[in-house]
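Residue numbers (the working numbering), protein chains in the order written: chain A, 107 to 317; chain B, 107 to 317.
Derived from the structure by calculation, the hints contain no laboratory data. Just so it is clear, the structure is predicted and the values come from calculations on it, not from any experiment. Some clues are possibly wrong.
Same chains, same names: a pair is fine if it fits in one copy or spans any two.
[What the hints assert, rightly or not] Result set (DSS-like, lysine-lysine): computed pairs, CA atoms no more than 30 Å apart in a straight line:
# : residue 1 : residue 2
1 : 250       : 144
2 : 170       : 144
3 : 155       : 170
4 : 144       : 235
5 : 144       : 226
Number of protein chains: 2
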Amino acid sequence: MEMLRLYDFLPSGNGYKIRLLLTQLGMPFERVEVNILKQETRTPDFLSKNPHGKIPVLEIEPGKYLAESNAILVYLSECTEFLPYDRFLRAQVLQWLFFEQYSHEPFIATSRFWISILGKSEEYHEAIKHKREPGYAALKLMEKHLTAHTFFVNERYTIADIALFAYTHVADEGGFDLTQFPAIQAWIERVKAQPGYISITQESTLCLTSL
Amino acid sequence: MEMLRLYDFLPSGNGYKIRLLLTQLGMPFERVEVNILKQETRTPDFLSKNPHGKIPVLEIEPGKYLAESNAILVYLSECTEFLPYDRFLRAQVLQWLFFEQYSHEPFIATSRFWISILGKSEEYHEAIKHKREPGYAALKLMEKHLTAHTFFVNERYTIADIALFAYTHVADEGGFDLTQFPAIQAWIERVKAQPGYISITQESTLCLTSL
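I would like the entire structure built from these sequences, with the hints used as guidance.
Okay, structure coming up:
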């Protein structure tokens with residue numbers, strides 16, 4: 107197999123999902139930093155890779171690209187311990203992946219982007235305020251689930267945990283207070299204790315970065 | 107196998123995705139109407155089925171529930187002609203499913219809900235205005251793709267088409283003008299020509315409704 111290439115932006119939680127899984131799978135990859143703050147995802151060259159103009163993008167072999175972080179997670183985890191083989195359990199993983207993209211990321215990740223990546227909490231004050239209620243609703247649902255479960259699906263660490271961990275464990279950078287969610291906090295520690303864990307802005311030891 | 111039961115709301119595009127696929131698969135199901143306008147998704151009974159309080163929910167066997175429309179589509183289409191067997195093609199289907207939930211539905215479906223389901227376009231005037239640009243961006247991306255392709259993945263009708271069709275073909279009910287998108291319009295006709303097609307508020311001929 108060709109070496110995988112990941113078009114990525116180091117502070118991105120969506121990029122981190124892929125970096126973390128690849129590292130835990132022991133799959134070496136080449137990481138290409140694309141600075142979204144400098145509109146590098148809007149160049150004709152990047153748009154030829156992903157017409158949607160977003161990172162992460164996985165180049166599976168030369169010219170063969172896959173976008174959408176959670177689709178990449180499924181692609182990479184098939185037939186591994188990170189995705190259950192049972193059809194219903196696999197569907198439950200997908201259920202959490204869609205929950206993450208629809209009901210979690212647009213509120214928690216977006217707030218973090220404005221506050222901690224752009225550093226413009228004043229300018230986005232009003233928009234951030236509107237993200238509070240739906241963001242906390244997502245955290246409450248996670249807390250409820252994790253009060254009765256060690257991980258999201260089948261009491262085992264899967265890509266559902268990776269997808270939800272990416273922006274949850276840095277939710278404070280988006281102004282969300284996690285101290286009121288003890289089950290989430292305990293789960294965060296369980297994820298951090300997984301073999302091969304790397305932190306969000308840590309480059310994988312398996313990766314070679316091209317700048 | 108037990109008879110499948112679908113908790114659904116007839117005007118919902120997310121519910122329609124499941125109704126359409128089940129009908130095209132020839133799988134009979136029992137449909138339970140849950141009126142979201144009367145907060146029927148917020149009752150303790152419904153929340154015991156889906157803690158997230160949303161339809162559609164598929165009851166696969168008594169007490170075994172699956173939520174998130176696109177996760178249900180994948181669950182039902184595995185090992186059928188509606189989901190490719192090839193790993194990369196399957197990942198491309200997922201890519202479009204995540205695109206639909208993150209970059210399409212929150213703008214186009216939400217506008218339709220406010221304008222045509224609630225009938226409150228005046229009250230939501232400001233919010234609707236903010237949905238215009240991202241909604242049209244999603245349609246433009248679809249138009250570009252469909253200019254070169256008959257269907258979203260592998261030139262064949264799959265659940266990627268079902269997921270995107272659900273709210274696209276009624277985008278005008280959300281105030282979006284489709285006349286400027288000829289490739290989308292031609293694709294809509296191709297979807298409507300598929301065997302077993304039913305329209306959005308049409309109950310499946312295979313379904314038994316409990317009210």
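Problem - Homo-oligomer pair classification [residue 235, residue 144; C-alpha up to 30 Å] - result: both (26 Å within a copy, 27 Å between copies)
Handout entry: Within, between, both or neither, where residue 144 and residue 226 count as close if Cα-Cα is 30 Å or less
Key = within (16 Å within a copy, 39 Å between copies)
Exercise for the section: Up to 30 Å between alpha-carbons, please classify residue 170 paired with residue 144: within, between, both or neither. Expected result: within (25 Å within a copy, 47 Å between copies)
Practice task
Could you figure out if residue 155 and residue 170 sit no more than 30 Å apart (CA to CA) within one copy, between two copies, both or neither?
Solution key: within (8 Å within a copy, 40 Å between copies)
Handout entry: Within, between, both or neither: residue 250, residue 144 at alpha-carbon 30 Å
Key = Between copies only: 25 Å across chains, 39 Å inside a chain, cut-off 30 Å.
In this structure, every one of the numbered hints holds.
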